[in-house]
Each structure stands twice: as structure tokens, then as C-alpha cells.
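Starting from the given sequences, assemble the full structure and let the hints guide the process.
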Amino acid sequence: MHVVVTYPDGTRQHNIAAATGADGKFVYSWTVESNARAGISEVWVTVLMPHLDTAIADYHFAIGVAGQPCNPPPNEGPGNGVWLLPGPVTGSVRKVCDHGVSGSAVFRLSVVLPAFGSQRYADAFTLPTSSDVSVACNGEAAELPTLTVGIALTLHEVQLPAGAARAADTTVTMDGDIGQAGPAVVVNNAHATAVVTATPKPAVTRRLAQTGGGPPQPAPLALALVIGGLLALSASAILAGLGRKRHP
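Counting along the sequence shown from 1, when you hit position 21 you're at 21 in my numbering, and nothing is skipped either side.
Hints may contain errors.
[To be verified] Below, in silico cross-link-like pairs of lysine to aspartate or glutamate (DMTMM-like), each with a Cα-Cα straight-line distance of 25 Å or less:
hint, residue 1, residue 2
1, LYS25, ASP123
2, LYS25, ASP58
3, LYS25, ASP53
4, LYS25, ASP132
5, LYS25, GLU42
The set of hints was computed from the structure by calculation and includes no laboratory data.
As C-alpha cells, this is what we get:
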């Protein structure tokens with residue numbers, strides 16, 4: 001089931017695809033926002049029925065102004081429905097895997113329905129996960145859902161076989177006679193290319209050999225006094241020498 005709700009301003013407020021319950025019913029409800037524009041809204045319902053045809057129905061409802069009577073749309077009622085004919089066909093998909101690739105792939109399916117009759121747009125949506133198809137590498141083909149002729153079916157790989165590179169999406173249009181096999185799809189998984197990541201080495205900082213035992217340290221007080229005394233003696237000796245030269 002696929003339900004699209006379009007408000008009077010043309011925006012798609014709801015777009016949901018889901019499978020029917022065990023009782024074959026699908027129930028969906030919503031609340032119209034208080035600030036929604038008043039006018040006629042539209043509900044498109046697409047039904048893909050297994051081993052049957054595809055049905056599309058068009059419904060309408062009115063959004064009124066708060067505090068004022070809500071006039072129903074002129075075409076309110078069971079809805080206008082169309083059937084997409086001819087009948088359904090069943091396709092298949094097979095997985096071919098390169099050497100070194102093993103396991104199974106899982107495909108998520110999406111469909112595009114051609115515009116038909118009073119339908120104003122080609123409906124497109126992703127099928128529920130319950131419709132996912134699992135295919136084993138180099139094994140038997142898996143059956144695709146039974147769909148009406150003319151529907152375009154896209155297979156998107158959501159789970160890869162071990163060691164595989166992701167395959168590109170594959171789209172096929174359902175075609176064939178009623179009751180006969182539909183299109184056979186073959187998807188190849190190549191071996192994934194190993195990615196080598198270079199790890200940079202830490203930079204080497206070269207240091208010069210230390211001479212003198214490290215950074216200069218302040219001289220002890222005793223050593224400073226000795227040096228001061230030696231300087232004083234040297235100055236006295238120089239003055240004495242000068243004196244002797246003046247008084248031979």
C-alpha cells in the first residue's frame with residue numbers, strides 16, 4: 001500500500017508505504033494541522049496486490065476554517081479508482097559474484113508506476129522491508145514480487161556479500177505475458193578493491209649534544225666572593241704598577 005496526502009496548497013504532507021496486516025487490511029490516520037490552508041485535499045492510494053492487478057484510488061476531503069461550517073467536497077465519496085492492466089508478471093534476479101566474493105546480497109525494491117487514466121502523476125515509492133529480496137552468490141535465481149506490466153522496478157543493494165563492492169542500482173520494466181516468466185535480472189558483484197591507508201611517521205627532532213652539563217646555573221655566593229676578591233687584587237696590582245712607573 002502507498003498513501004499520498006496532498007493539501008490544498010499543493011504540498012505532500014504524508015507519503016507512506018507499508019504492508020497490509022495479517023487480516024489483509026491497512027489502516028493509516030493523521031491529524032490535520034490547525035494552520036493548514038482551507039480547501040480541498042486529495043488522497044492517492046496505490047495497492048500492489050500479490051498475484052493480482054494494481055489498483056489506484058483517488059479520494060478527497062475538505063479542510064475548513066476554524067469556527068465556520070466545513071462544506072464537504074463535491075466529489076466526496078468512495079473515491080475514483082482505476083486498474084492498471086494487463087495482468088501481473090513475475091520476474092527473477094540472479095547474483096553473479098567474482099572470485100573471493102561469497103554469501104548473499106539483499107535488495108531493497110522501489111517502483112515507478114506509469115501515469116494512467118485520471119492519474120496526474122507517475123507514482124513512485126519504496127516497497128516495505130518485508131518485500132526485500134535475498135539472493136545467494138552464484139546460486140539459484142530469487143523470485144521478484146509479482147507486478148503489473150509497465151511498472152519499473154529498481155533493485156538497490158542494501159546488504160553486500162562478503163568481500164564485495166557495492167553493485168550499481170538495476171532498473172527493469174516489468175514485461176511479459178500473463179502467467180509467464182517476466183524479466184530475468186542478473187546483478188554482478190565485483191571483488192572490493194583493498195584500500196591502503198598510509199600512516200605518517202612521527203617527525204624526528206635532531207638535538208645537538210649538550211656541552212657544559214646543561215643550561216647555565218647561577219654561581220654560588222662563595223664563588224662570587226672569591227671572584228670579586230681576585231678582581232680587587234688585580235686592580236690593586238695594576239695601580240701599584242702604575243705608581244712605580246711614576247716614581248722610579
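Comparing the hints with the structure gives:
no., hint, verdict
1, LYS25 / ASP123, "holds (21 Å)"
2, LYS25 / ASP58, "holds (18 Å)"
3, LYS25 / ASP53, "holds (17 Å)"
4, LYS25 / ASP132, "holds (20 Å)"
5, LYS25 / GLU42, "holds (21 Å)"
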